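Following the hints, position chains X, E and L against chain G.
The primary structure of each chain is shown beneath.
Protein chains: 4
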Amino acid sequence: MLLVMNKHATDEQIDSVIARIEEQGYTARPIPGGERVSIGILYNKGPVDGSLFLGMPGVKEAIPVTRPYKLVSREFKPEATIIRIGDIEVGSKHMIIIAGPCAVESETQALTIAKQVQKSGADMFRGGAFKPRTSPYSFQGLGKEGLDILVKVRETTGMPIVTEALDLENFDLVEECADVIQIGTRSMQNFSLLRRAGASKKPILLKRGMAATIEEWLMAAEYILAEGNPQVILCERGVRTFVNHSRNTLDLSAVPVVKNESHLPIIIDPSHAAGRRDQVIPLSRAAVAVEAHGLMVEVHNEPEKALSDGAQSLYPEQFAVLCKQVRSIYNDLLANGQD
Amino acid sequence: MLLVMNKHATDEQIDSVIARIEEQGYTARPIPGGERVSIGILYNKGPVDGSLFLGMPGVKEAIPVTRPYKLVSREFKPEATIIRIGDIEVGSKHMIIIAGPCAVESETQALTIAKQVQKSGADMFRGGAFKPRTSPYSFQGLGKEGLDILVKVRETTGMPIVTEALDLENFDLVEECADVIQIGTRSMQNFSLLRRAGASKKPILLKRGMAATIEEWLMAAEYILAEGNPQVILCERGVRTFVNHSRNTLDLSAVPVVKNESHLPIIIDPSHAAGRRDQVIPLSRAAVAVEAHGLMVEVHNEPEKALSDGAQSLYPEQFAVLCKQVRSIYNDLLANGQD
Amino acid sequence: MLLVMNKHATDEQIDSVIARIEEQGYTARPIPGGERVSIGILYNKGPVDGSLFLGMPGVKEAIPVTRPYKLVSREFKPEATIIRIGDIEVGSKHMIIIAGPCAVESETQALTIAKQVQKSGADMFRGGAFKPRTSPYSFQGLGKEGLDILVKVRETTGMPIVTEALDLENFDLVEECADVIQIGTRSMQNFSLLRRAGASKKPILLKRGMAATIEEWLMAAEYILAEGNPQVILCERGVRTFVNHSRNTLDLSAVPVVKNESHLPIIIDPSHAAGRRDQVIPLSRAAVAVEAHGLMVEVHNEPEKALSDGAQSLYPEQFAVLCKQVRSIYNDLLANGQD
Amino acid sequence: MLLVMNKHATDEQIDSVIARIEEQGYTARPIPGGERVSIGILYNKGPVDGSLFLGMPGVKEAIPVTRPYKLVSREFKPEATIIRIGDIEVGSKHMIIIAGPCAVESETQALTIAKQVQKSGADMFRGGAFKPRTSPYSFQGLGKEGLDILVKVRETTGMPIVTEALDLENFDLVEECADVIQIGTRSMQNFSLLRRAGASKKPILLKRGMAATIEEWLMAAEYILAEGNPQVILCERGVRTFVNHSRNTLDLSAVPVVKNESHLPIIIDPSHAAGRRDQVIPLSRAAVAVEAHGLMVEVHNEPEKALSDGAQSLYPEQFAVLCKQVRSIYNDLLANGQD
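Residue numbers (the working numbering), protein chains in the order written: chain G, 9 to 347; chain X, 9 to 347; chain E, 9 to 347; chain L, 9 to 347.
Chain G extracted, bound-state conformation (with noise of 0.2 Å):
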């Protein structure tokens, strides 16, 4: 952390944020300019907290130096976190797809969307049990029906099975059956949920905040790896900005940035992000091109009669042109040596 004092700091003021620093356990170095005096603070072991410093007279700014999370973090892990569930590889040279409908809606519906989505090309299946809706009159979901249905659906196809995880009170009965836990945007900042799933000994697919920085993002990863589970999946499904003819903004500069700070796999949600069917295909090719480890896709064999987000679900044959589409620009990558 980097300390920009006031250019008419007094020395008295100066000083007292020497001993401050000090008192922390750190080392204060002085950096006179021309201008004014900045204090670099070092010898800290994990991240300074500037609000420290930032209240004390003749402080101007505190410039964070040095990045607050640890475990997650390239420097810490420079080799990259490769997540098995079954014989897929997610963050390896296999460029995973999940897909499925947006919430589980009955056995018939999972299992012909699930035949589909496999037939095609599919790894993994997707679908909500427990949905968190905007409006408590819609939809919640099936609940533990729904999770019944996803066990059954993997007993059928062999995919495994990844579901979201909405609170403390379900989270056990969504371990027992998925294969991948999922914690949703809304849910990116809930540290309670976030220990309780770093206490899981399943892999989780931890979907970005709507209006999450990378550093918040990661920092939540950061409590799941801190409590003992080292199988995370990170998932950017676009940011909230004042684009309106998308529902979100796709983040893709995310990807090479998580790669190079983190070694944690990435993955693509571009059906969020795009809330409308026809720009899921586009921002999927984009999503592979920009290499991300795969990508998490909502398909609906009737998306007119979808009890949710049926406006941004794939028909099944769209969907099996994004497959082909998607697997010849990774191929086209691998063969071109990137990665």
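Covered stretches of chain L (chain X as the covering partner; in silico rule of three or more C-beta atoms under 8 Å from a C-beta of chain X):
| hint | region |
| --- | --- |
| 1 | 211-222 |
| 2 | 239-250 |
| 3 | 257-264 |
| 4 | 275-286 |
| 5 | 293-302 |
Don't read these hints as lab results, they were simulated from the structure.
Computed from a predicted model, the values in this text were never measured in an experiment.
Backbone N, C-alpha and C fix where the C-beta goes; we use that ideal spot for every residue, glycine too.
Frame of chain G, contents of chains X, E and L only:
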């Protein structure tokens, strides 16, 4: 809801949309225009889910016309909700001021600050026992011990206590101690927590999510009311934007909008919006001038030693100035007959 | 346009609104609903200004139904616009690559870079002679001398030149030299400049404003077309959001949306979006995958000595890699029959 | 500027960076930390361009420490700038109110509104003769005829005139007529226009760009001061965010920040921020409470017939209420000794 069809939508597509509207039990009214047909959806009780139609062939846009919230809306309940906490009325003619430290750190700290803010005119005391922190390595609050200290503050000063409930696990504990239970920014769409809050008999202070629209915020309140608790105080605390000279951007136009749309009281937290002490007093004056029903402000007797959010905490002397200034503006508004 | 009335709007208020609609020469069609009346405005030629009605008593909302743009819209001209610059076609089956330094610094610099990028497969050369700079103290470009150097680059390499016109004062000079005239991000709503560009016979590269909606961007293009110049290439270059790991957030969903709404070609500038070299290649691949018609990329032979934007400029060797990768993806897309 | 090196940066990389710093005539000061080296750049006159270093091998980040602006900064000129327009002082103890229609539509309209707002206490009259409009098909202002009407308003009422200059072409005309020349939001980074404004002897009202940081805004003002015109009034008018209940989000914390960073006066335009009449009065009160030096408000005698921005224009009776309320709050602030 208004469905706008593509310019070249076929009669068959229009008929399918009409059929689907009527399947849902609504009335469809086609509106031919010069260039394209639109179809109004009428006689729906409650909001219509646009995505039911947005995916159908020929449909260009689904434009919501009615609001999705009901119990929180002023159209449903025209008179303002007034919430009583002991002798204090929130939403009535008295502008309430809630003050205290970000986190309860010790009995001495809490009692010292409580006496200071009470002397300056605070109505209620705030202090976190369970703290949501971006980093797992930051101070997470004193937990149960913090609650005990808060109870002692109430016993000593008579001030009602506002403190946050982070999760279902500790909700009962918090509910027992608090006079007002805070649902924090990061929990605004923690729907299980909202439902639990709806089952409580205590008033709920519901902070706006960092990137929430007013509609989403009011829908979060709707969850609480729908479970039977009508005592919700809304709290605007800044939204996330590209602006970087304050931690968040205080959205003061939310106050007239919320007061127009809803009967619930709304207060302002300038401390978290600003993130820096020197903006807190001006923003507090602005909050009163825009006719919020109250303020929630962070105050610390030694902000430079605070375990969290020191940079935005006022010194007690500054808080005294704040109270004097905002009470004066408020009286001026009353004298001029507003609201 | 649909006018939504308040729940308790009086018949008199409704009649006034209808009268005002008809005064404008439009047709009013009241649509009674269960709770409130809406009034459709029909048979308007061109967009209706909602603020004509939004201020009237009893009017709650004015919801635009038709788009405000005409000449740029695909509904007006269904076939794609192809722009010819010498032998090059923009908007057709060839993906164009424009490359060069942020600013022309010297003849040696420009020629060196031009030869390098041409060798790697660039179609056109870009370089600023007049530079818009945030600071009055930064290098403002070589001006007329820079244009002369650009002409020499064209004479030497045969590559067409893209360079920015900043104001009316220097437009003639730029027009004389350039093959494509760029209107920069900060000038997207410089309406005098747009009109002047509309009077030119040269193709215009119109960058999206940093906080412009697609509608505003297409309206800026409409200014150019309305003055008689149909040759507009749109260029997405990132929008301003809360995200801070890239300079701006590249909005790739703009590509399918623009291609759906408009017949104009659209290219991507990944360099200004990223602001950092290490994101430029991944974002370029993504831009091609989303089927933009081309790329504009900053390249510098000695980025660490560049007079502007060095941090985002690729080394010539990196640009060679970029060309190879994006051409490969593009060919893959063509082979799979997209677009 | 502080350059943060990668954890594993080599000595050679560090030496290259130091060499490059010294080539620029600055002083380099390496600061070894526990994990990585940082290098301070000292004794630079004026801001350092981070991109000079950000591209070099081993450099992770370039963190600006000093501000890029000089002439506009309070460190450069500690005392507040007061701008005199006839008898009126902007930036002094009197809070100024500028009012009038969005556009001058006719002599009758302008004179009617001018007399009404003067009676309520407006200090200056505003009205557009040249209007920046998103659509080429919207009313673009009366041009020269509008300026003549504004001159007549001044002659009749004695009120100074504020009107916008859109481009170099019409600047002379506007300059001749106006008492204060407005540079609009969309022109904030029209650098040629800023330079021309800097050559004027008339005060300039510089609106903040819709997505401009305060630093960019002050740099725009720096262009004007650098050309020799010290008379700049800054005007905050809302920034573009995800929020959709107001047209823009009024950023009131800009007021204390600008007053701290700069000696220039700052006023608020609540009308363009709100975009809706019913938010204008509350936001005006907030603007005064936050201690802006003044307000600029749109007023129209027949807003429902206005040729532009009718929805946000106050009725004259509402403006009278606004003046009364804000003057009262302002007097209250003065009596309490602020500022």
